[in-house]
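In order, the protein sequences belong to chains A, C and Z. Just remember that the numbering used here sits 8 ahead of the position in the first sequence, which is counted from 1. Just remember that the numbering used here sits 104 ahead of the position in the second sequence, which is counted from 1. Just remember that the numbering used here sits 9 ahead of the position in the third sequence, which is counted from 1.
Certain hints may be false.
Stated by the list, open to error - Distance windows between CB atoms, simulated:
1. Asp160/A / Val137/C: 23 to 33 Å
2. Pro99/Z / Ala93/A: 18 to 28 Å
3. Arg27/Z / Gly29/A: 42 to 52 Å
4. Val143/C / Ala16/Z: 36 to 46 Å
5. Trp129/A / Gly121/C: 35 to 45 Å
Since the hints were derived computationally from the structure, they do not count as laboratory data. Every residue gets a Cβ at the ideal spot worked out from N, C-alpha and C, and that includes glycine.
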Amino acid sequence: MKDRFNLYRFASPATFYPLAGTLIPWFVALSVVFGLAGLWLGMLVAPTDFQQGEGYRIIFIHVPASWMSMFIYLIMAGWAAIGLAFNTRLSGMMAQALAPTGALMAFLSLWTGALWGKPMWGAWWVWDARLTSELILLFLYIGYMALTAAIDDAKRADKAGGLLLLVGVVNIPIIYFSVKWWNTLHQGSSVNLTKSSMAETMLWGMLLMAMCFWMYSIAIALMRVRTIMLERERHTDWVKAELLGKAGEGK
Amino acid sequence: MIHWNSFADFIAMGGYGFYVWGSFGLTALIMIVEPIVVVRNRKSTIARLKRQLRAETRNTAE
Amino acid sequence: MFKIISAVIGRDLKLAMRRQADIVSALFFFVIVVSLFPLGIGPEPDLLRKLAPGVLWVAALLATMLSLPRLFADDHRDGTLEQLALAPHPLGLVVTGKVIAHWLVSGLPLALIAPVLGIQFDLSADALVVLTFAILLGTPALSGIGAIGAALTLGLRGGGILLSLLVLPLYIPVLIFGAGAVDATVAGLGGEGHLSLLAALTFASLGFAPWASAAALKIALE
Numbered sequence: 009m010k011d012r013f014n015l016y017r018f019a020s021p022a023t024f025y026p027l028a029g030t031l032i033p034w035f036v037a038l039s040v041v042f043g044l045a046g047l048w049l050g051m052l053v054a055p056t057d058f059q060q061g062e063g064y065r066i067i068f069i070h071v072p073a074s075w076m077s078m079f080i081y082l083i084m085a086g087w088a089a090i091g092l093a094f095n096t097r098l099s100g101m102m103a104q105a106l107a108p109t110g111a112l113m114a115f116l117s118l119w120t121g122a123l124w125g126k127p128m129w130g131a132w133w134v135w136d137a138r139l140t141s142e143l144i145l146l147f148l149y150i151g152y153m154a155l156t157a158a159i160d161d162a163k164r165a166d167k168a169g170g171l172l173l174l175v176g177v178v179n180i181p182i183i184y185f186s187v188k189w190w191n192t193l194h195q196g197s198s199v200n201l202t203k204s205s206m207a208e209t210m211l212w213g214m215l216l217m218a219m220c221f222w223m224y225s226i227a228i229a230l231m232r233v234r235t236i237m238l239e240r241e242r243h244t245d246w247v248k249a250e251l252l253g254k255a256g257e258g259k
Numbered sequence: 105m106i107h108w109n110s111f112a113d114f115i116a117m118g119g120y121g122f123y124v125w126g127s128f129g130l131t132a133l134i135m136i137v138e139p140i141v142v143v144r145n146r147k148s149t150i151a152r153l154k155r156q157l158r159a160e161t162r163n164t165a166e
Numbered sequence: 010m011f012k013i014i015s016a017v018i019g020r021d022l023k024l025a026m027r028r029q030a031d032i033v034s035a036l037f038f039f040v041i042v043v044s045l046f047p048l049g050i051g052p053e054p055d056l057l058r059k060l061a062p063g064v065l066w067v068a069a070l071l072a073t074m075l076s077l078p079r080l081f082a083d084d085h086r087d088g089t090l091e092q093l094a095l096a097p098h099p100l101g102l103v104v105t106g107k108v109i110a111h112w113l114v115s116g117l118p119l120a121l122i123a124p125v126l127g128i129q130f131d132l133s134a135d136a137l138v139v140l141t142f143a144i145l146l147g148t149p150a151l152s153g154i155g156a157i158g159a160a161l162t163l164g165l166r167g168g169g170i171l172l173s174l175l176v177l178p179l180y181i182p183v184l185i186f187g188a189g190a191v192d193a194t195v196a197g198l199g200g201e202g203h204l205s206l207l208a209a210l211t212f213a214s215l216g217f218a219p220w221a222s223a224a225a226l227k228i229a230l231e
């Protein structure tokens with residue numbers, strides 16, 4: 009009972025706003041620390057890959073970006089499910105705050121994938137199942153952002169966007185497997201992503217970079233959600249107090 | 105401990121410099137520009153909301 | 010249950026018959042798009058035979074998109090939709106009826122005309138049969154998934170373009186298996202596997218999509 013109460017309390021924008029404000033610097037700091045450690049390990053210490061030479065170092069951003077692009081979509085869908093089930097205001101705002109970062113991660117994944125594919129496979133782009141699915145994921149992000157941007161009423165935007173996210177999540181496995189199947193059927197490219205045994209430093213570098221991307225995404229989403237909260241709740245007392253308080257500081 | 109012999113080696117990335125630095129460069133750019141855009145957006149939103157709030161309070165006072 | 014569905018189908022078909030021009034123009038859009046491809050690519054029969062399944066399917070996706078914005082918009086404008094949403098029977102069943110009616114006036118004509126267009130691409134008789142069958146089997150899924158998009162974008166400005174942005178990525182599995190069935194037949198492998206997957210997609214989306222659309226409609230009407 010007590011836990012429930014707390015959850016509801018933190019789900020209210022008036023309490024979440026200052027909480028997010030205090031958390032942001034920590035996540036930024038963690039992101040920088042993880043990022044520096046990951047770059048040091050990955051770019052300076054890790055040995056040359058015996059198959060791919062130094063070109064493999066793209067993995068240190070390609071894999072984290074790909075992971076984040078998928079995680080963020082799942083997290084958005086999770087928020088959407090909570091929002092549709094319990095009608096919380098926070099969930100729609102969080103989903104909207106995460107979307108641009110998710111789309112950027114999907115884009116980065118494609119960009120770094122292209123730059124990795126050119127020297128390794130000899131082509132910027134191949135219709136590999138993973139690349140194609142990532143591209144479709146980017147389309148799904150863009151569709152979500154376009155839908156929520158087109159709806160003026162914030163409540164409807166949250167719910168419609170949430171429903172789209174859930175439909176997308178149901179579809180992602182179907183899309184992935186159909187693309188995979190299509191790819192094996194056509195066998196246009198001789199792409200082979202067999203896992204070579206990674207050196208331990210490489211693995212650690214990658215995990216540290218993944219943590220850096222996680223913390224970055226959380227920090228930027230919290231920053232964005234705070235702005236969305238002010239905008240949406242501008243007629244409530246706490247936002248007025250917040251705005252007037254800042255005005256009092258003479259900023 | 106450090107894998108590279110010289111700074112030039114590090115930049116050249118064993119011949120993969122263009123691809124590696126192209127990837128890291130754009131990622132760094134995005135991770136710098138995105139926060140700037142978000143912060144700017146936040147500042148302009150706060151300024152706009154403050155203006156609106158002042159206009160409202162003035163109207164009710166009159 | 011079937012009474013509600015068939016009543017909605019009957020009503021929607023009657024309304025569609027009053028606007029035959031819409032059905033015909035979507036059909037001609039399909040014909041024109043498909044006929045443009047050989048002009049852009051060149052007349053080599055080997056090449057055309059290879060491209061035919063993909064071209065016909067992509068054109069079919071686009072042609073189905075054309076009539077989607079109208080799926081709920083007319084009923085929304087004259088207030089029928091709100092009454093249907095308030096009625097005691099579940100909205101999902103009403104949407105099922107509307108999806109089937111949409112398929113009857115958009116998907117079915119495409120399937121009937123597709124073999125004629127397939128001849129333009131020098132497809133064999135076997136491939137033409139599979140093509141017709143694949144479009145027949147796959148287009149209900151397109152109508153179903155499209156209904157979700159149509160419900161989500163109901164009454165929004167720029168709804169048509171937004172609708173295609175939302176729906177086209179979700180159409181990809183249908184495209185893959187639909188074109189794959191014809192491809193496999195052309196290659197002599199037999200398209201049964203693709204067709205059964207296509208049927209599975211259609212059944213799944215006809216079972217799932219109307220309820221998701223109904224939820225989206227309720228959000229839009231709030």
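task: Run the structure past the numbered hints and jot down the numbers of the failing ones, going up.
output: When the structure is compared with the hints, numbers 3, 4 and 5 turn out to be violated.
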